[in-house]
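Participant: If you want the building blocks of each chain, they are given just below.
2 protein chains.
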Amino acid sequence: MPDKKAVILSSGGIDSTTTMAMAKAENYAIYSLTFNYGQRHTPELEAAKKVAHYFAAKKHLVISIDLRSIGGSALTDDIDVPKGRDDHAIRYGIPVTYVPARNTIFLSYALAWAEVLQASDIFIGVNSIDYSGYPDCRPEFIAAYERLANLATKAAVEGKVIMKIKTPLISMTKADIIKKGIELGVDYSLTHSCYDPSLEGKACGLCDSCILRKKGFREAAIPDPTHYVT
Amino acid sequence: MPDKKAVILSSGGIDSTTTMAMAKAENYAIYSLTFNYGQRHTPELEAAKKVAHYFAAKKHLVISIDLRSIGGSALTDDIDVPKGRDDHAIRYGIPVTYVPARNTIFLSYALAWAEVLQASDIFIGVNSIDYSGYPDCRPEFIAAYERLANLATKAAVEGKVIMKIKTPLISMTKADIIKKGIELGVDYSLTHSCYDPSLEGKACGLCDSCILRKKGFREAAIPDPTHYVT
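Same order as they appear, the protein sequences are chains A and B. Just remember that the working numbering sits 12 ahead of the position in the first sequence, which is counted from 1. Just remember that the working numbering sits 12 ahead of the position in the second sequence, which is counted from 1.
Be aware that one or more of the hints could be misleading.
In this list, chains with the same sequence are indistinguishable; a pair is considered to hold if it fits within one copy or across any two.
Restricting the straight-line Cα-Cα distance to at most 27 Å, the calculated cross-link-like pairs of lysine-lysine (DSS-like) are [unchecked claim]:
(1) LYS61 with LYS172
(2) LYS166 with LYS192
(3) LYS16 with LYS214
(4) LYS191 with LYS166
(5) LYS166 with LYS227
(6) LYS192 with LYS172
(7) LYS166 with LYS95
(8) LYS166 with LYS178
Hints were generated in silico from the structure; no laboratory data involved.
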């Protein structure tokens with residue numbers, strides 16, 4: 013029986029789904045937190061719901077946040093999502109799909125929910141190997157956030173809990189993540205990665221996220237269950 | 013002519029309004045940021061709008077955030093707002109009006125907007141003297157946030173800006189804040205503090221926020237322009 017609660021940031025993609033599987037394997041009660049931030053790829057919201065159900069989450073909370081009014085990203089604005097980029101470009105540039113302060117905002121909501129739930133553990137599937145372009149995916153960012161979390165909440169200030177930001181994927185390659193997920197029984201056909209899906213919800217096959225996904229399955233030597241347009 | 017941009021968190025109350033006046037006096041271009049978080053006291057949204065107009069803000073952005081779904085506070089839930097508490101109770105307890113991780117969430121949006129605006133300064137009117145009950149109003153919280161901000165954004169990571177979280181009121185009493193504001197030409201009749209206003213928008217006169225407001229004007233020996241029920 014689960015004896016501890018975890019808030020898990022879930023996008024319905026490979027990383028957060030594998031993270032949820034790992035928390036489940038550690039016997040956490042799962043509180044799944046997903047954001048509807050005006051992203052173009054709403055199939056990810058459907059995927060997150062299916063994934064939460066698959067892992068018998070105690071609750072799946074979808075919070076609408078208003079990043080469009082702030083602007084600044086191809087994921088929320090009318091900027092073209094880049095297609096067909098090579099591995100080097102994906103790995104070393106900060107992409108136009110970067111959403112300003114996204115993980116900072118996501119973790120802040122997770123912290124608020126954790127405080128209400130009296131949970132001390134927040135899981136986020138960030139990864140600094142296969143996707144180092146985002147500043148808020150790096151270990152030093154996470155460490156600074158954890159430090160902040162312990163100064164930010166009533167329970168932490170009163171010494172009742174020590175907040176932990178858990179990033180089990182931080183040093184794993186996409187292939188390792190997929191292998192770990194398969195070992196833990198993840199059904200990746202439930203997940204969604206594409207930044208620019210077709211109207212029917214098919215993955216484009218060409219955006220950075222599709223390219224990393226394909227590469228991950230290929231390198232893990234595991235069949236990719238995704239339906240790609242290309 | 014303003015040569016630098018500041019994002020100012022504005023609630024339409026005394027503290028954030030005085031903070032905005034101080035930023036204006038330092039020649040910042042004002043970008044006013046207000047949150048609609050399902051608070052009971054919507055007159056504060058009206059006040060924030062009037063204040064932004066008064067200070068000729070370049071933009072006044074109101075972001076709706078979904079704290080009700082997270083719960084946990086008398087400001088957003090159906091918990092009674094405490095009335096008639098004495099100074100000691102207000103000063104030393106964490107009140108039920110505490111909204112989980114509120115300033116953490118607010119600063120995260122401010123950071124996102126600052127990044128899009130290419131602004132490096134975020135002003136927040138927190139105060140650790142007259143209202144020490146909230147963990148996320150303390151100097152150590154703000155310092156940790158500033159550290160995080162410099163690890164969280166593209167511009168900071170690329171070394172283009174140093175993010176600063178400015179808290180000009182941090183060590184001021186409410187009376188000093190009001191005196192400073194009057195000196196800078198603030199019209200406090202535009203502002204709103206009450207947690208539990210009447211249907212006509214009158215201040216209750218009994219909640220912690222009204223008590224601190226009354227005390228501030230009294231101690232500053234400045235007439236209080238507020239219309240109180242009591």
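Participant: It remains to establish, for every hint, whether it holds in the given structure.
Facilitator: Against the structure, the hints come out as follows:
For the homomeric pair LYS61 and LYS172, neither the shortest alpha-carbon distance inside one copy (32 Å) nor that between copies (39 Å) is at most 27 Å. For a Cα distance limit of 27 Å, the shortest separation of LYS166 from LYS192 qualifies neither inside one copy, at 36 Å, nor across copies, at 31 Å. Taking the closest pair of Cα atoms, LYS16 and LYS214 never come within 27 Å of each other, the shortest separation being 37 Å inside a single copy and 45 Å across copies. In this assembly of identical chains, LYS191 and LYS166 lie within 27 Å of each other by CA distance neither inside one copy nor across copies; the values are 39 Å within and 31 Å between.
Taking the shortest alpha-carbon separations for LYS166 and LYS227, only the inter-copy value of 26 Å comes in at or below 27 Å, while the best intra-copy value is 44 Å. In this homomeric assembly, LYS192 and LYS172 never come within 27 Å of each other (Cα to Cα): the closest approach is 33 Å inside a single copy and 38 Å across copies. Taking identical chains as interchangeable, the C-alpha atoms of LYS166 and LYS95 lie at most 27 Å apart only when they sit on different chains, with a minimum of 21 Å there against 45 Å within one chain. For the homomeric pair LYS166 and LYS178, the shortest alpha-carbon distances inside one copy (20 Å) and between copies (23 Å) are both at most 27 Å.
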